[in-house]
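Sequence order for the protein chains is A and B. To get the numbering used here, take the position in the first sequence, counting from 1, and add 4. To get the numbering used here, take the position in the second sequence, counting from 1, and add 4.
Incorrect hints may have been included.
Copies of the same chain look alike in the list, so a pair counts if it works inside one copy or between any two.
Calculated pairs, BS3-like style, for lysine-lysine (alpha carbon to alpha carbon, straight line, at most 27 angstroms) [as the list claims (entries may be wrong)]:
id	residue 1	residue 2
1	K281	K248
2	K45	K282
3	K125	K108
Derived from the structure by calculation, the hints contain no laboratory data.
2 protein chains.
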Amino acid sequence: MSKDGWTQAPGEILREEGFRLDTVDPDGTPGYEGDKAAGDKELESRREVLGELQERLFAASRTGEAEDAVLLVLQAMDSAGKGGIVRHVVGGVDPQGVELAAFKAPTEEELAHDFLWRIEKRLPRPGFIGVFDRSHYEDVLIARVHGLADEAEIERRYDAIVDFERRIAASGIRVVKVMLHISRDEQRDRLMERLDRSDKHWKYNPGDVDERRRWDEYMAAYEMAIERTSTPETPWHVIPANHKWYARLAVQELLIDALEDIDPPWPKADFDVEAEKKRLAAS
Amino acid sequence: MSKDGWTQAPGEILREEGFRLDTVDPDGTPGYEGDKAAGDKELESRREVLGELQERLFAASRTGEAEDAVLLVLQAMDSAGKGGIVRHVVGGVDPQGVELAAFKAPTEEELAHDFLWRIEKRLPRPGFIGVFDRSHYEDVLIARVHGLADEAEIERRYDAIVDFERRIAASGIRVVKVMLHISRDEQRDRLMERLDRSDKHWKYNPGDVDERRRWDEYMAAYEMAIERTSTPETPWHVIPANHKWYARLAVQELLIDALEDIDPPWPKADFDVEAEKKRLAAS
Numbered sequence: 005m006s007k008d009g010w011t012q013a014p015g016e017i018l019r020e021e022g023f024r025l026d027t028v029d030p031d032g033t034p035g036y037e038g039d040k041a042a043g044d045k046e047l048e049s050r051r052e053v054l055g056e057l058q059e060r061l062f063a064a065s066r067t068g069e070a071e072d073a074v075l076l077v078l079q080a081m082d083s084a085g086k087g088g089i090v091r092h093v094v095g096g097v098d099p100q101g102v103e104l105a106a107f108k109a110p111t112e113e114e115l116a117h118d119f120l121w122r123i124e125k126r127l128p129r130p131g132f133i134g135v136f137d138r139s140h141y142e143d144v145l146i147a148r149v150h151g152l153a154d155e156a157e158i159e160r161r162y163d164a165i166v167d168f169e170r171r172i173a174a175s176g177i178r179v180v181k182v183m184l185h186i187s188r189d190e191q192r193d194r195l196m197e198r199l200d201r202s203d204k205h206w207k208y209n210p211g212d213v214d215e216r217r218r219w220d221e222y223m224a225a226y227e228m229a230i231e232r233t234s235t236p237e238t239p240w241h242v243i244p245a246n247h248k249w250y251a252r253l254a255v256q257e258l259l260i261d262a263l264e265d266i267d268p269p270w271p272k273a274d275f276d277v278e279a280e281k282k283r284l285a286a287s
Numbered sequence: 005m006s007k008d009g010w011t012q013a014p015g016e017i018l019r020e021e022g023f024r025l026d027t028v029d030p031d032g033t034p035g036y037e038g039d040k041a042a043g044d045k046e047l048e049s050r051r052e053v054l055g056e057l058q059e060r061l062f063a064a065s066r067t068g069e070a071e072d073a074v075l076l077v078l079q080a081m082d083s084a085g086k087g088g089i090v091r092h093v094v095g096g097v098d099p100q101g102v103e104l105a106a107f108k109a110p111t112e113e114e115l116a117h118d119f120l121w122r123i124e125k126r127l128p129r130p131g132f133i134g135v136f137d138r139s140h141y142e143d144v145l146i147a148r149v150h151g152l153a154d155e156a157e158i159e160r161r162y163d164a165i166v167d168f169e170r171r172i173a174a175s176g177i178r179v180v181k182v183m184l185h186i187s188r189d190e191q192r193d194r195l196m197e198r199l200d201r202s203d204k205h206w207k208y209n210p211g212d213v214d215e216r217r218r219w220d221e222y223m224a225a226y227e228m229a230i231e232r233t234s235t236p237e238t239p240w241h242v243i244p245a246n247h248k249w250y251a252r253l254a255v256q257e258l259l260i261d262a263l264e265d266i267d268p269p270w271p272k273a274d275f276d277v278e279a280e281k282k283r284l285a286a287s
């Protein structure tokens, strides 16, 4: 590992197959031996690396030389830090190269279609980093916990997700699936802070407590979903998120990994550079 | 003025009505007496102000308390720095609150509709800052220079734009129209740099030189468009842009002005805060 502080690549250590949620300590910082100060510094210094890779991805797609894209799928319980990832990690790259989609409760039109219909429409174009703030996984998470679909339908969806993600991966989209994992106590503290501060009230919803009461059911639904949909092409990463700085750093590295895997070249000029210099000078 | 360096509010000094382009020096830094170092520092320090205002705008719209949005319209000749504005000014706020639209040559479907059809679809929702990288103004700029529409049609479009912008302004969208104004020599230098650096070749297009040869026609088309579509509700701002740092700083202030004009309040809780604290503590 060339990056300060990491003792093991986050892409390896956080990858989940055959998943047991209780094996992940939400307080942990697996693979990283630095503290918050070191982590914040590293986040800052790696921003430039991520930014250049993103620019190369964007550039390569402009000239039709590359069909690749990256899709970051963010799933988590309320207050786990999805917004902070978007702001502090994704916010570090050129907004022109990012396509963000936040999936809320489906509309009537969306419900009339299969659950992947609205997802397909928001897939990133070549050259872009797509970010899903919640995703098709809600259809096997909240849907399971609240019984919005029966067992057979949930089973069908797991298989449909695997097929769907295999197809989009084959089409050139690197899918980076992330669950931000906080503890139940940490969530209480974070929700309490939203109640304590009047400039945070807008982020609080009484329904958050109702969902929180089903914590164990959600964890079981996550465990099942991760177990059933982690594949070698599109593995899940469960990221301990009680330490926000660690979660941000880990997601940043996962994005860098995905882009380095693509390794987009700077496009070659499809014009005669010297001739253009003469034309330009004369203009 | 409370901001260091500004001697006059950019919202006043850069506003154009009855416009003569030759009165604007592309090398100028009107209203600002600091140098590049001071300007860069100010850009950084004002980022937090812009960020908080944007968060308040977003928050107010979440709870249905506000219908307001901001729309930044960016127009300029090639290489004038639209991308840098997006990256360094817009990139300073939370990506979740930004809706970016880059308008390229219209598709066949778009051409089959009136020119404002594709624009309407990309207007920002309440709570968002929309950014148009090029816009409906191309339909009276490139369209005039290349004769893609006849004189009567261009005339119709000026009026249509004024009506359209009046309507969206009345619906709650603060429209901030910006022309980044560089000199012809500065453009040559910037395009030459793209030819000199292999990691910039992808940004160069031989067609850029063809457009450049019509510089005076473009300037006349801008002058006419600005003259015809600057209104008290939706004025144009012509920003000298040979100094990138100045242009970024000026656009940042215009966005801050627009948001301060809205002055979105932190939403009041629509629930009983103390009761929720008890529910949460017990959960």
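- Item | Violated hints - listed by number, lowest first | 2
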